[in-house]
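Asks: Sequence:
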Amino acid sequence: MEIPTYYDLIWTLFPIIYLGFLGIVIIFEVRRKSRTSRIIAWTLVQLLFPIIGFIIWGIFFFSEKRFGDKG
Numbered sequence: 001m002e003i004p005t006y007y008d009l010i011w012t013l014f015p016i017i018y019l020g021f022l023g024i025v026i027i028f029e030v031r032r033k034s035r036t037s038r039i040i041a042w043t044l045v046q047l048l049f050p051i052i053g054f055i056i057w058g059i060f061f062f063s064e065k066r067f068g069d070k071g
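Counted from 1, the sequence shown has number 52 at position 52 by my numbering; the numbering is strictly sequential.
It is possible that part of the hints are untrue.
If you anchor each label on the Cβ, the simulated ranges turn out as follows [stated by the list, open to error]: (1) R38 with E2: 44 to 54 Å; (2) F61 with I17: 17 to 27 Å; (3) R31 with M1: 44 to 54 Å; (4) S63 with I27: 17 to 27 Å; (5) Y6 with F60: 17 to 27 Å; (6) I17 with R66: 35 to 45 Å.
Hint data in this document are derived by calculation from the structure and do not stem from the laboratory.
For every residue, glycine included, the Cβ atom is placed at its ideal position computed from N, Cα and C.
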């Protein structure tokens, strides 16, 4: 039984996309000059809940950018 080539391609792209989302979170938080604890916290959220964590982070990031830091 041979596994189709596109299965290998799909399973190779998943980790790359996953790391891409994680990289986006880290880059934007470092550029913002966030505290280390905030960077670690958002990285953990991203690692535990990949897509959902990215969406939640995006909502927080853009709402803070639009309305200013409340804390």
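Asks: Within 44 to 54 Å: is that where the Cβ-Cβ distance between R38 and E2 falls?
Replies: Holds, at about 47 Å.
Asks: State, for the Cβ atoms of I17 and R66, whether the hinted interval 35 to 45 Å holds or is violated.
Replies: violated, 27 Å
Asks: Holds or violated: the 17 to 27 Å window for the beta-carbon distance between F61 and I17?
Replies: Between F61 and I17, where Cβ atoms are some 19 Å apart, the hint holds.
Asks: Can you tell me whether the CB distance of Y6 to F60 sits inside 17 to 27 Å?
Replies: The hinted range 17 to 27 Å is violated for Y6 and F60, with Cβ atoms some 36 Å apart.
Asks: Range hint 44 to 54 Å: satisfied by the CB atoms of R31 and M1?
Replies: holds, 48 Å
Asks: How does the Cβ-Cβ distance of S63 and I27 compare with 17 to 27 Å: does it lie in that range?
Replies: At 19 Å between Cβs, range holds.
In the structure shown, a violation is registered for the earlier hints numbered 5 and 6, in ascending order.
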